[in-house]
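Now that you have both chains on their own, put them together as the hints suggest.
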Amino acid sequence: TQLLEQSPQFLSIQEGENLTVYCNSSSVFSSLQWYRQEPGEGPVLLVTVVTGGEVKKLKRLTFQFGDARKDSSLHITAAQPGDTGLYLCAGVSTSGTYKYIFGTGTRLKVLA
Amino acid sequence: EAQVTQNPRYLITVTGKKLTVTCSQNMNHEYMSWYRQDPGLGLRQIYYSMNVEVTDKGDVPEGYKVSRKEKRNFPLILESPSPNQTSLYFCASSPIDSYNEQFFGPGTRLTVL
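Heads up: the protein sequence lines correspond to chains H and C, in order. Sequential numbering of the first sequence, starting at -14, is according to the numbering used here. Sequential numbering of the second sequence, starting at 10, is according to the numbering used here.
Chain C extracted, bound-state conformation (with noise of 0.2 angstroms):
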């Protein structure tokens, strides 16, 4: 099954504790992303790659890293994570064409204490 996987799904931490949200995808898409969702403020573009160790930042990427060493993979790490970065994230994958339909991911929930 095509599918845009994610973990952990749900994740409760504290301020300055390294974590790494991980994300797979199985349909060897060239594009893959992060976003965040925010009550009244939709999903903001963290960062994305556009292929293998090729990166760049979103709208928000103020205190995120990611790393794309492999087609299928794209973690994003919190180096150290503060209560404004607790949120609901998503990772997307995609192919580069003309339509660029975006596959998500089930969703990761962070809460940072």
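Only chain H is shown next, with the shape it has when bound in the complex (with noise of 0.2 angstroms):
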């Protein structure tokens, strides 16, 4: 079974601090997804990344897919109260399958 780890399970910083978010598994993905959640709302894509080593940025957000792919990174930088959420990473099956692993979230809370 594919499993993606993800951490850390909750982080609370202030505004204007950096922040890294790590999603980790022993097996290889064929892309691999960020989203991201607010209460009482399903998931919103952020960002896929598909090539080993790509790296993506999304304003003050910088999204990191590992060599091997099997692991990715979300990096904030300058931290809002607006970027307060549960992420999640996603990775999809490499048999074709299309079948999702999702990690166990992030929750992320910016302090003004």
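If you are wondering where the hints come from, they were derived from the structure by calculation, not from laboratory data. Ideal Cβ positions, reconstructed from N, Cα and C, are used throughout, including at glycine.
Computed beta-carbon distance windows for the label pairs:
#1 Arg92(H) with Met36(C): 22 to 32 angstroms
#2 Ser91(C) with Gly38(H): 44 to 54 angstroms
#3 Ala53(H) with Lys66(C): 21 to 31 angstroms
Written out as structure tokens, the structure reads:
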């Protein structure tokens, strides 16, 4: 069974601080996605990374896919209260079955 | 507006009483999926479908059924619900391409007494 471990589980920081969330697995994924979920809503896709070593930037958010396509990180620069939410990584199986494996999530709170 | 809709949004039922949660998407996506979300466990895939009449088990399919008779609809059926199926359920759809970007519905909070 493929597993994705996310760390940290909880993070409470002050506005303006930087942070990194990690998503690790012993399995290879064909692609990896990051979502953000607000209370009472479904997850919303932030980014998809497909190629090993790929780096994508979305304003203050930087996403990286590991060279071996087993891990990923999300770095937020100068966090703002609007970044508060649950961040989820999700890997797509390489077996061609399009099964999704989600990490357990990182709950981020940014204090003003 | 492109969206995934789920009904009902909230449901309280009793053990053993069959129920169906509907899911519909208007984006002509081939892929549809059901997840349950539980505290500390994240999202776990129940069933998915890569196209009409094609369904497959995810990681936690026990106690659930699905069908995909039309491209836009993917209902989740609980034939005999039990309290351990109390959870927040999400339906999602995506095109089948290299990016597989999933669009999620608003969720259905189910309580089984």
